[in-house]
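S.K.: Given the coordinates of chain A, work out where chain B should sit on it, guided by the hints.
Protein chains: 2
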Amino acid sequence: MILYSYFRSSAAYRVRIAMHLKGLAPEYRAVHLVKDGGEQHAPAYRALNPQGRVPYLIDGQVQLGQSLAIIEYLEETHPLPPLLPRDAAGRARVRSIALAIAADIQPLQNLSTTRYLEERLGLPQEQRDAWIAHWVAVGLGALETQLGREPATGRYCHGDLPTLADCCLVPQMFAARRFGVDVANYPTLARIDAVCQELPAVAAAAPARQPDAS
Amino acid sequence: MILYSYFRSSAAYRVRIAMHLKGLAPEYRAVHLVKDGGEQHAPAYRALNPQGRVPYLIDGQVQLGQSLAIIEYLEETHPLPPLLPRDAAGRARVRSIALAIAADIQPLQNLSTTRYLEERLGLPQEQRDAWIAHWVAVGLGALETQLGREPATGRYCHGDLPTLADCCLVPQMFAARRFGVDVANYPTLARIDAVCQELPAVAAAAPARQPDAS
Numbered sequence: 003m004i005l006y007s008y009f010r011s012s013a014a015y016r017v018r019i020a021m022h023l024k025g026l027a028p029e030y031r032a033v034h035l036v037k038d039g040g041e042q043h044a045p046a047y048r049a050l051n052p053q054g055r056v057p058y059l060i061d062g063q064v065q066l067g068q069s070l071a072i073i074e075y076l077e078e079t080h081p082l083p084p085l086l087p088r089d090a091a092g093r094a095r096v097r098s099i100a101l102a103i104a105a106d107i108q109p110l111q112n113l114s115t116t117r118y119l120e121e122r123l124g125l126p127q128e129q130r131d132a133w134i135a136h137w138v139a140v141g142l143g144a145l146e147t148q149l150g151r152e153p154a155t156g157r158y159c160h161g162d163l164p165t166l167a168d169c170c171l172v173p174q175m176f177a178a179r180r181f182g183v184d185v186a187n188y189p190t191l192a193r194i195d196a197v198c199q200e201l202p203a204v205a206a207a208a209p210a211r212q213p214d215a216s
Numbered sequence: 003m004i005l006y007s008y009f010r011s012s013a014a015y016r017v018r019i020a021m022h023l024k025g026l027a028p029e030y031r032a033v034h035l036v037k038d039g040g041e042q043h044a045p046a047y048r049a050l051n052p053q054g055r056v057p058y059l060i061d062g063q064v065q066l067g068q069s070l071a072i073i074e075y076l077e078e079t080h081p082l083p084p085l086l087p088r089d090a091a092g093r094a095r096v097r098s099i100a101l102a103i104a105a106d107i108q109p110l111q112n113l114s115t116t117r118y119l120e121e122r123l124g125l126p127q128e129q130r131d132a133w134i135a136h137w138v139a140v141g142l143g144a145l146e147t148q149l150g151r152e153p154a155t156g157r158y159c160h161g162d163l164p165t166l167a168d169c170c171l172v173p174q175m176f177a178a179r180r181f182g183v184d185v186a187n188y189p190t191l192a193r194i195d196a197v198c199q200e201l202p203a204v205a206a207a208a209p210a211r212q213p214d215a216s
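From first to last, the protein sequence lines are chains A and B. Read in order, the letters of the first sequence are residues 3 to 216 in the numbering used here. Read in order, the letters of the second sequence are residues 3 to 216 in the numbering used here.
Only chain A is shown next, with the shape it has when bound in the complex (with noise of 0.2 Å):
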């Protein structure tokens, strides 16, 4: 299996982690988001992933992008340890968690979306810096008030067992932190992700721990 990643995408960091909860070790193959104006855009990379983005995963035959179709994939082919409950409405509840991160919060924070602000709308850093807080402020309030009053909610974010959610919840609150939003003001989602911490596959699979980072 190869892993294109960049070590500070939280999409990549996803299936990072998820890998180590599986005990997968892939090829690691890094592509610099930022360096020339991002390798992702380069031809050759594109010629493999036309959608120029990280993760990528090839194992196989299979080519494939996006982090969460990448996870349920190897959830599917890698069954143990589970990423996902055995009923139906728990693994509803985890998706639905997960795609709270990946669909209403990431994309608006992420490094495309911010370089927009930047370059064609010429947005100074204090309303990108503001763009961010918001958009990370209403995503992550909603998912504090959903998990803070769910009996699902244990340890982790559902249950008492690392899900796919919590693969979602790490990166999004580490992004969070670096973007200087106070994690103090989501008590619930603070201590699921410092229990994630103490997990030995989650913390080899932080951004400071990869080949590329800087």
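Keep in mind that the hints were calculated from the coordinates and are not lab data. Watch out, some of these pointers could steer you wrong.
Since the list can't tell identical chains apart, any single copy or any two copies may satisfy a pair.
When the alpha-carbon atoms are kept at most 25 Å apart in a straight line, the in silico DMTMM-like pairs for lysine to aspartate or glutamate are as follows [said to hold, decoys possible]: (1) Lys24 to Asp89; (2) Lys24 to Glu78; (3) Lys24 to Glu121; (4) Lys24 to Glu41; (5) Lys37 to Asp184; (6) Lys24 to Glu146; (7) Lys24 to Glu152; (8) Lys24 to Glu120; (9) Lys37 to Asp89; (10) Lys24 to Asp131; (11) Lys37 to Glu121.
M.R.: Relative to the frame of chain A, chain B by itself:
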């Protein structure tokens, strides 16, 4: 089953297509995303769904947001007709196409995002239109390249039966046309969209056919 929906919401439209394809007829509850600043922000709706978005599904004890999580839940609880292929590689491909729309395009064109551009950043209509056109062009362009070259593309996004990917493509093409994007630039996607529109289930899910259409 109760589905909270808004006729023009891309995400609710996805779920409506999936439900019609599976022959499910939920009670339809309209949440007007524009009127009076948006009914999704009203305390009663926020109490139900802290994310303040549609779609939202109630099925017995299960309460669930996020369109792709809802469709996966329907797939597990009402497996026929299937909206995912049987093989792991095919399932992964379908999910990847769905997410390329749901996580990479739609969050940037949706109402909460464009409202921020207008109300907080004071961008004129022309710059808001250019923003939407940019993200739709980037996203659909990548998808056109992918679907155009992959042999797994068939009559529909994946093979000759409609899947979760088509549930996402149809609303995205509807949104693109609504925003004035020339979909003829994406011949593979436009062809698949036209084939989908021939299905009575897809036609029945169209915004104009919903009780809250205006």
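S.K.: Against each hint, give a clear statement of whether it holds in the structure.
M.R.: Here is how each hint holds up against the structure:
no., hint, in the structure
1, Lys24 to Asp89, "both (20 Å within a copy, 20 Å between copies)"
2, Lys24 to Glu78, "both (12 Å within a copy, 23 Å between copies)"
3, Lys24 to Glu121, "neither (40 Å within a copy, 45 Å between copies)"
4, Lys24 to Glu41, "neither (29 Å within a copy, 42 Å between copies)"
5, Lys37 to Asp184, "neither (29 Å within a copy, 33 Å between copies)"
6, Lys24 to Glu146, "neither (27 Å within a copy, 33 Å between copies)"
7, Lys24 to Glu152, "neither (27 Å within a copy, 29 Å between copies)"
8, Lys24 to Glu120, "neither (39 Å within a copy, 44 Å between copies)"
9, Lys37 to Asp89, "neither (44 Å within a copy, 38 Å between copies)"
10, Lys24 to Asp131, "neither (36 Å within a copy, 44 Å between copies)"
11, Lys37 to Glu121, "within (16 Å within a copy, 34 Å between copies)"
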